[in-house]
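**Student:** Chains as they are written, first to last, in the working numbering: chain A, 1 to 432; chain B, 1 to 432.
Hints are not guaranteed to be accurate.
Note that identical chains are pooled: a pair holds if it fits in a single copy or bridges any two copies.
[Said to hold, decoys possible] Simulated crosslink set (EDC-like; lysine to aspartate or glutamate; CA at most 16 Å straight-line):
#1 234 <-> 27
#2 309 <-> 128
#3 193 <-> 128
#4 309 <-> 116
#5 193 <-> 249
#6 234 <-> 67
#7 367 <-> 421
#8 164 <-> 47
#9 193 <-> 421
#10 309 <-> 299
#11 309 <-> 138
#12 309 <-> 5
#13 164 <-> 40
#14 193 <-> 22
#15 193 <-> 35
#16 164 <-> 416
#17 193 <-> 119
#18 309 <-> 258
Source of the hints: derived by calculation from the structure; they are not laboratory data.
Protein chains: 2
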Amino acid sequence: MWSVDEHLADILEAVRPLEPIELQLHDAQGCVLVEDVMVEIALPPFDNSSMDGYAVRVADIEGADEEFPAVLTVIGDVAAGSDGLPGDRAVGPGEAARIMTGAPLPAGAEAVVPVEWTDGGTGGGPADTMRSLSDAPEGAGGEVRVHRPVEARAHVRARGSDVKPGDLALSAGSVVGPPQIGLLAAIGRSTVKVRPRPRVVVISTGSELVQPGEELTGGRIYDSNSFALTAAAKDAGAIAYRVGAVTDDADTLRATIEDQLIRADIVVTTGGVSVGAYDVVKEALSSVGDEDEPGSGIDFRRLAMQPGKPQGFGSIGPDHTPLLALPGNPVSSYISFELFVRPVIRALMGLPDVNRPTVQAVLDTDKALTSPSGRRQFLRGTYDAEAGTVTPVGGAGSHLIGALARADALIVLPEDVTSAEPGTDTEVILLR
Amino acid sequence: MWSVDEHLADILEAVRPLEPIELQLHDAQGCVLVEDVMVEIALPPFDNSSMDGYAVRVADIEGADEEFPAVLTVIGDVAAGSDGLPGDRAVGPGEAARIMTGAPLPAGAEAVVPVEWTDGGTGGGPADTMRSLSDAPEGAGGEVRVHRPVEARAHVRARGSDVKPGDLALSAGSVVGPPQIGLLAAIGRSTVKVRPRPRVVVISTGSELVQPGEELTGGRIYDSNSFALTAAAKDAGAIAYRVGAVTDDADTLRATIEDQLIRADIVVTTGGVSVGAYDVVKEALSSVGDEDEPGSGIDFRRLAMQPGKPQGFGSIGPDHTPLLALPGNPVSSYISFELFVRPVIRALMGLPDVNRPTVQAVLDTDKALTSPSGRRQFLRGTYDAEAGTVTPVGGAGSHLIGALARADALIVLPEDVTSAEPGTDTEVILLR
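Taking the hints into account, I'd like the entire structure generated from these sequences.
**Tutor:** The structure is reproduced here in structure tokens:
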């Protein structure tokens, strides 16, 4: 018998993060950087205006107010995207240039006066907006009255005030989320080196399995594991492929797995790992894998847990692709996925936290929960963060998928616990 | 001036959840159900074995122990997927059938004895496994010694003990996650009716914008908004399309938006909404939209917030597609997205919680933070859940995208706060 912790440690010991690849920014979302990204340009790349207004020389507007405005000659527009005034002109004494947010401060100018502190070139009172260039092209010329003085560098964002060449933009190990993608784009990076999302192939086994939507005949049930685990793999960050249920025939299963290896970073099977006479995964995989290679081949184990006792783990094929063979009961396979496969996916991605978060909660139940001695039990529950309580949902049966769909947490009863009274402080694994 | 809350309320008031569609299970992941899903079959569909073992009549094994085992004639196998014993045979007195986990309890049998409580048909001591059918076909015949009695119905999962026809499987409003997908598949549903993911078209505007990876010439900057907001839209649950930056030309922008409407449930633009003479979004969209229709057309507003003062909101085109025109500074546009666009995406999906979670935290800073009177300020910070503190990152400048990429929270300083001392209890919006 292996403990849950021993089994997980054995798996994680064998799994190496995927080789990094260079990806376009939009493909890198959610992935882990493997390089320190250094900044190669200044941000902003040039001194620029933080307001829509007028670029001026400060001496010209000293002491200006509404009664005695400074009157300046407007010599042109500096639009965002231009590199200064037309014809490389500079702002001279008594002159101003209309400037837009983000546009470069033109030569000669020392500060920006927001349009709201001027008459906007209208000859009237304080402006609350600039007239758009297309409606009023004459706004780029004529005169402007400035109603307030500003200090040098006012409303100017200095070149490099955000980041400078040689700065560390993002360190290796960072997860690439939306703001990180924004920063990478802003410093001109169109690609980054990250560990890719693992490709997970999910195969359910069992001659009793029928695809949902088809007719259910005697002795058969609908395949649910391949659907639930494919969704869970996506949820964990993987690219997941669902392979239809395979019948209980060792040759067919072996051929299917070998076929799928080309697109698999992990193979997950469900069913056929127990002690029965038709346990096809065990039969098919005990004789597969290049046993010459250390760590190759699949090892079938009994785990000191409930549900989920029978489990297989190993590697398969020329690339030693990790394979996890999970039990076939829907609840067992889902819990096994959360405990063992999710950590593998996240380890392959190079993420630091591979496990679901856990909390302590007070057991909210009418009667004591029982648990088999020497086995770690995982019961389904609903967690109430505000009350700090967890309430069991449904019973312990590993076929109770109706209750699983109402749960958002797993209640963990340790190996040495055989009975947990109402009010007991309990470990809870959060599933959302 | 609109308050942040008024603007958001105005937006959410105008937005209706998307019309539901029938989707395959794997496409429905993360979506909200609009139907109560009722169960139409029993789960399990038939009485079945929860163990690998032998299906027996209880009277035959009464009082059995290892010394005096009950010796039964094995009359055949019941495999999972079969609908009983071959030839519709029943288990008669003195007989047993080998049975696999999940296989239907054959006629005549009353309970299942796990293989570990028998000799497994070997004639030896207690078995720890069944020999696989292919290795030992004779296991389906001969004799089995049973070492322990069981009660009627032992190790039998009763038909309908999980869910029954007429039960409510999932209620309208449920989010379809992996366990819900598992349940839907298990009850035979291959499709469900959900609200689809909204399609968000992100367009950045500005003649100064260059695509990352290209050469940066005078007065130009890299387009980062379209990258960051497309990623943020995906993160919020949307299908997001990034449209390359559009130059500051109203006709081009109008044509681009009209072109994109075919694939848009929301249009998001950045830049060109302020008071400048080149504010193309304002210019292009103030004259678009069928103003005959109530609520149509785009309204440009000033919000009592920092950053993010200028904002546009309205609907556009024949389908009255919501359009949010965000300011162009990278930090302003990102914060505006989180505050206004994310809630729209989630409202379109029919999710109950449209806003990011907020917490209270103690301000961990050396000197007081300042904030303009009458405006709600959103500063970037890092939140420490264990310590219950939040630490500002970088300054207030709306161009500081380097600091944004290191933040995981927004520090909210209310309208009436002009200074927040170290140690102040502060509202924090969690970004992860």
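**Student:** When no copy is named, should residue 309 and residue 299 be tagged within, between, both, or neither for a Cα gap of at most 16 Å?
**Tutor:** For residue 309 and residue 299, only the intra-copy Cα distance (14 Å) is at most 16 Å; the inter-copy one is 62 Å.
**Student:** Up to 16 Å between alpha-carbons, please classify residue 309 paired with residue 138: within, between, both or neither.
**Tutor:** Neither: 82 Å inside a chain and 28 Å across chains, both beyond 16 Å.
**Student:** If the cutoff is 16 Å on CA atoms, where do residue 309 and residue 128 land: within, between, both or neither? Let me know, please.
**Tutor:** between (72 Å within a copy, 14 Å between copies)
**Student:** Taking 16 Å as the upper bound on the Cα-Cα distance, should residue 193 and residue 119 be classified as within, between, both, or neither?
**Tutor:** neither (51 Å within a copy, 58 Å between copies)
**Student:** Have a look at residue 367 and residue 421 and pick one of within, between, both or neither, based on CA distance no larger than 16 Å.
**Tutor:** within (7 Å within a copy, 50 Å between copies)
**Student:** At 16 Å max between alpha carbons, let me know whether residue 309 reaches residue 116 within a copy, between copies, both or neither.
**Tutor:** between (73 Å within a copy, 14 Å between copies)
**Student:** Tell me, please, which holds for residue 309 and residue 258 at an alpha-carbon limit of 16 Å: within, between, both or neither?
**Tutor:** neither (26 Å within a copy, 58 Å between copies)
**Student:** At most 16 Å between alpha carbons: which applies to residue 193 and residue 128, within, between, both or neither?
**Tutor:** neither (47 Å within a copy, 50 Å between copies)
**Student:** Could you place residue 193 and residue 22 in one of the four classes (within, between, both, neither) given a Cα distance threshold of 16 Å?
**Tutor:** within (4 Å within a copy, 39 Å between copies)
**Student:** One pair to classify: residue 234 and residue 27, alpha carbons no more than 16 Å apart. Within, between, both, or neither?
**Tutor:** Both, since 15 Å and 12 Å are each at most 16 Å.
**Student:** Checking residue 193 and residue 249: alpha-carbon separation at most 16 Å within a copy, between copies, both or neither?
**Tutor:** neither (42 Å within a copy, 36 Å between copies)
**Student:** Using 16 Å as the alpha-carbon threshold, which applies to residue 234 and residue 67: within, between, both, or neither?
**Tutor:** Classified as neither: same-chain Cα gap 66 Å, cross-chain 53 Å, threshold 16 Å.
Checked against the numbered hints listed earlier, the structure breaks hints 3, 5, 6, 9, 11, 16, 17 and 18; every other hint is satisfied.
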